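Using the sequences provided together with the hints, build the complete structure.
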Amino acid sequence: MNHQHDVAAVKRWFTIAARPRLFLLIGIYALGQFPNIMFAQPPDTLKLNNGNTLSGYIAPVACAAKPGDQQLSFQPVGGLPAQTPALNDILSIRVGNFVLDASDATTRPAPDEIVVLRGYLHTKSRAASTAAAKTLSISLALKELCDPPKPKFTGNASINGTASFAAQVQRLIGGTFYGEFDPAVAGTGSVVPIIQLSTSYGDAIKGSVTTKTSQIFAGNIDLQVQLPARMRLNLEGDEYHSFSQGVHLEQGYGAGISQNLGGSLIVEGDLWYVREDFYKPATPFSSPGFRFYETNTWFYGKRFVLFEDFAGVAPFDSARALFFRGEGKLAIKLGSATQPFSFNVTYDENYFRDSPKGYKQNYSKVTVGVTYNW
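So the sequence shown is numbered by this note's numbering: it starts at 7 and just counts up by one.
None of these hints come from the bench; they were simulated from the model.
If you're wondering where the values come from, they're calculated on a predicted model, not measured in any experiment.
Possibly wrong hints are sitting among the right ones.
[To be verified] Okay, derived cross-link-like pairs now, PhoX-like style, lysine-lysine, Cα gap no bigger than 25 Å in a straight line:
#, residue 1, residue 2
1, Lys286, Lys366
2, Lys140, Lys130
3, Lys53, Lys149
4, Lys140, Lys156
5, Lys339, Lys158
What follows is the structure, encoded as structure tokens:
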């Protein structure tokens, strides 16, 4: 074989085909990096009360036992010595997409924002963003940065009711509870238990006769395990009781995957097992099935929150056993935007296709109430 001829052929192929492709790949990579180069965040900006402004990068915080004594190190660009100004000497610091403002004493950073700020302490990399900068309290941000991460219990409780006056007087009163235990450090493998409870009781008065027209109890326990790519493994148990629909006790248990599709929109699909016990003379029913769940906060402002969720179960053994529940709620902050109380208007829909004879399939209610958030 003529090896010199083969080597020459390889060289010609590289010259004619491979080298231009290599240059093309390099050009594509450079083009992909163009937005990062052109639109990357500038260095952090430190503004002092004396009027001086420095460009550079924040460094690890010098934490102190006494609140307010924490110091933030700042490394200016251009070879200037590191600065450790006292908190009282700082006007503001722009870091990434945050403005830490000395005049703000109330805006506490959220847990995910603290994670981002902690990352900025150890790197000069800043994510590019076109969104408006988020203003935070510098004293509360330093306090959160200095405090070791701790698990948090968050939730809310509400009291709701309605009354309508017509040919008969209908009254409804109830309450809800939501509790969530978040781990100190969220990440792949972290576990979040959630419990939800709700109840309502209604009656009707016509003349001197009072009759029970509705009675609902519902509960859900959800154990969420964080997975990569904004997914979670959900292990759930669900119970439901409705006097007006003839459901003595409906129980559902299952497991599935939920996916965050962006913002607060979450969808979930579960393999489900359901058992239903009715008021007599209906016979109990049980079947495997599929459960679908969706929730979204359509609007989240400082004073207004618009929220909805929907859940439906389709048992495999009978299409007659289809049921779903949905809720829409508008919450309006009472007083300042930082206080924990809100006024809420809630619409609930409960449909149970397999309701026994003599009971209604659909039950709807509109309630108003007050919610306490912690």
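Quick rundown of the hints versus the structure:
{"no.": "1", "hint": "Lys286 with Lys366", "verdict": "holds, 15 Å"}
{"no.": "2", "hint": "Lys140 with Lys130", "verdict": "holds, 19 Å"}
{"no.": "3", "hint": "Lys53 with Lys149", "verdict": "holds, 20 Å"}
{"no.": "4", "hint": "Lys140 with Lys156", "verdict": "holds, 24 Å"}
{"no.": "5", "hint": "Lys339 with Lys158", "verdict": "holds, 22 Å"}
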